[in-house]
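Student: Take a look at the letters that make up each chain.
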Amino acid sequence: MAEKKVVYDLDGYDVITNGLLELLDQFPGMPEGEQMGFSALGEERGKAIFPTEGPVIEREITSVTGKVTQYCSYPFHVVYRESGLSESRKIKVKEWLDTLGRWLEKQVVKVNGQEEQLTEYPPLTGTRQFTTIRRMSGGYLDSTNENKSENWAIYINARYTNIFKR
Amino acid sequence: MAKLNREAYLCYLDTAFKKKVADVSSSTFEVIGTDIEEMTFDLSPDTERIKNILGQTKTRDNGYEASMESDPFYADPESALYAKLKEIAFERKKGDDCKTLLLEVIVEDTEATTHAAYLREVMVKVNSIGGDTTGVNFPFTVSEDGAMVKGTVTAASVVAGAPVFTATT
Numbered sequence: 060m061a062e063k064k065v066v067y068d069l070d071g072y073d074v075i076t077n078g079l080l081e082l083l084d085q086f087p088g089m090p091e092g093e094q095m096g097f098s099a100l101g102e103e104r105g106k107a108i109f110p111t112e113g114p115v116i117e118r119e120i121t122s123v124t125g126k127v128t129q130y131c132s133y134p135f136h137v138v139y140r141e142s143g144l145s146e147s148r149k150i151k152v153k154e155w156l157d158t159l160g161r162w163l164e165k166q167v168v169k170v171n172g173q174e175e176q177l178t179e180y181p182p183l184t185g186t187r188q189f190t191t192i193r194r195m196s197g198g199y200l201d202s203t204n205e206n207k208s209e210n211w212a213i214y215i216n217a218r219y220t221n222i223f224k225r
Numbered sequence: 544m545a546k547l548n549r550e551a552y553l554c555y556l557d558t559a560f561k562k563k564v565a566d567v568s569s570s571t572f573e574v575i576g577t578d579i580e581e582m583t584f585d586l587s588p589d590t591e592r593i594k595n596i597l598g599q600t601k602t603r604d605n606g607y608e609a610s611m612e613s614d615p616f617y618a619d620p621e622s623a624l625y626a627k628l629k630e631i632a633f634e635r636k637k638g639d640d641c642k643t644l645l646l647e648v649i650v651e652d653t654e655a656t657t658h659a660a661y662l663r664e665v666m667v668k669v670n671s672i673g674g675d676t677t678g679v680n681f682p683f684t685v686s687e688d689g690a691m692v693k694g695t696v697t698a699a700s701v702v703a704g705a706p707v708f709t710a711t712t
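Taken in order, these protein sequences are the chains called L and W.
The numbering of the first sequence is this note's numbering, which starts it at 60 and goes up by one.
The numbering of the second sequence is this note's numbering, which starts it at 544 and goes up by one.
Just so you know, these hints were derived from the structure itself, not from any lab.
Treat the hints with care, since some could be wrong.
[Claimed, not checked] Which residues of chain W face chain L? A few of them, derived with a C-beta cut under 8 Å, are:
| hint | residue |
| --- | --- |
| 1 | Leu547 |
| 2 | Glu573 |
| 3 | Gly576 |
| 4 | Asp578 |
| 5 | Glu580 |
| 6 | Met582 |
[Stated by the list, open to error] Mimicking EDC-like on lysine to aspartate or glutamate, the simulated pairs with C-alpha atoms at most 16 Å apart in a straight line are:
| hint | chain 1 | residue 1 | chain 2 | residue 2 |
| --- | --- | --- | --- | --- |
| 7 | L | Lys224 | W | Glu580 |
| 8 | L | Lys126 | W | Glu550 |
| 9 | L | Lys126 | W | Glu580 |
| 10 | L | Lys126 | W | Glu581 |
| 11 | W | Lys629 | W | Asp614 |
| 12 | L | Lys126 | W | Glu573 |
| 13 | L | Lys224 | W | Asp614 |
[Said to hold, decoys possible] Sample of chain W residues at the chain L side, in silico, Cβ under 10 Å:
| hint | residue |
| --- | --- |
| 14 | Val574 |
| 15 | Ile575 |
| 16 | Thr577 |
| 17 | Glu581 |
| 18 | Ile593 |
By construction, the Cβ of each residue, glycine as well, lies at the ideal position given by its N, Cα and C atoms.
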């Protein structure tokens, strides 16, 4: 059987990455002054997103009027690196990732005793727009580094549309 | 010669819901089919074949019962057409309240300054309200209901999304 050819939304890479970083920085559980990184973490600690393969065009519809709607997805991991974690701190890190995932799904979450809910995804530049962001996993311990710091991760998929006239 | 892309055949409905082709000057047209991959003006020719006493086969032509289904049509509060369809659907409008003008445009040459166009009196009926989680759907059917006038639209007005129709004299 012929393999299905993967088509990438190459022009959308920067737009979606920047949009996601902006969105993740708005997470109420993000410590003050801290920012989500991109594909890079400090030796001991840090938080960053790691796209798995970039934005993929899953489906494309051309309407009878020539309007093109591309349905795309951008799978990525959020990695939370921390050192010297006690058992209770490990649980907290996992909870932080799970809460982030639920918040991205627009669920009501509790952060620092406050109920928080994301109501709208931020607008993206150009013709792209987030539609849904869903967890593909719960928070889990991904790996332990040589310096004993731990990489906790959650796998998330951001879906978006790109609508334009061809 | 290259075949025409599907978007070369465009259909517009008059959101001012003018009833007569003579009133087209005050019409405002909105293109239909922006979320549809396949939309056909079904002509439904009505013919019957009869064999006469001479053994010849004849075809009796009773004309057409042309109609077009537009599905989906997702509710968009910024669309003037949606406002009209909403009225028709929720207020169960019928008869003249559902009459408007349909403008068909065929773009055969993208370099041309005008394109052939056909203006028809039609009736619009909303088939249902609701649909799946994609959006609130108001699929509707357009049926021919009266006169037709042949003419042209300017290419610039088509590009601008607001075709201006001129009848051929």
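Student: Mind checking the CB of W:Leu547 against every CB in chain L and telling me if the closest is under 8 Å?
Tutor: violated, 12 Å
Student: For the hint on W:Val574, does the least C-beta distance to chain L fall short of 10 Å?
Tutor: holds, 5 Å
Student: With a cut-off of 8 Å, does the beta carbon of W:Glu573 approach a beta carbon of chain L closely enough for the hint to hold?
Tutor: violated, 11 Å
Student: Using 8 Å as the Cβ threshold, decide whether W:Gly576 counts as touching chain L.
Tutor: This interface hint holds because 4 Å falls under the 8 Å limit.
Student: Would you mind confirming whether the straight-line C-alpha gap from L:Lys126 to W:Glu573 stays at or under 16 Å?
Tutor: Since the Cα atoms of L:Lys126 and W:Glu573 sit roughly 14 Å apart, the hinted pair holds (cutoff 16 Å).
Student: Do the alpha carbons of L:Lys126 and W:Glu581 lie within 16 Å of each other, as the hint requires?
Tutor: With Cα atoms ~12 Å apart, L:Lys126 and W:Glu581 stay inside 16 Å; holds.
Student: Checking one constraint from the list: CA of L:Lys224 to CA of W:Asp614, max 16 Å. Satisfied?
Tutor: Given pair L:Lys224, W:Asp614 is violated - Cα atoms ~20 Å apart, limit 16 Å.
Student: For the hint on W:Met582, just tell me whether its beta-carbon gets within less than 8 Å of chain L.
Tutor: holds, 5 Å
Student: Taking the least C-beta to C-beta distance, is W:Ile575 closer than 10 Å to chain L?
Tutor: holds, 8 Å
Student: Less than 10 Å between beta-carbons is the criterion; does W:Ile593 satisfy it with respect to chain L?
Tutor: violated, 38 Å
Student: Taken at face value, is the distance from the CA of W:Glu550 to the CA of L:Lys126 at most 16 Å?
Tutor: holds, 9 Å
Student: Given the hinted pair L:Lys126 and W:Glu580, is their alpha-carbon gap at most 16 Å?
Tutor: holds, 9 Å
Of the numbered hints given earlier, the model fails hints 1, 2, 13, 18; all others are met.
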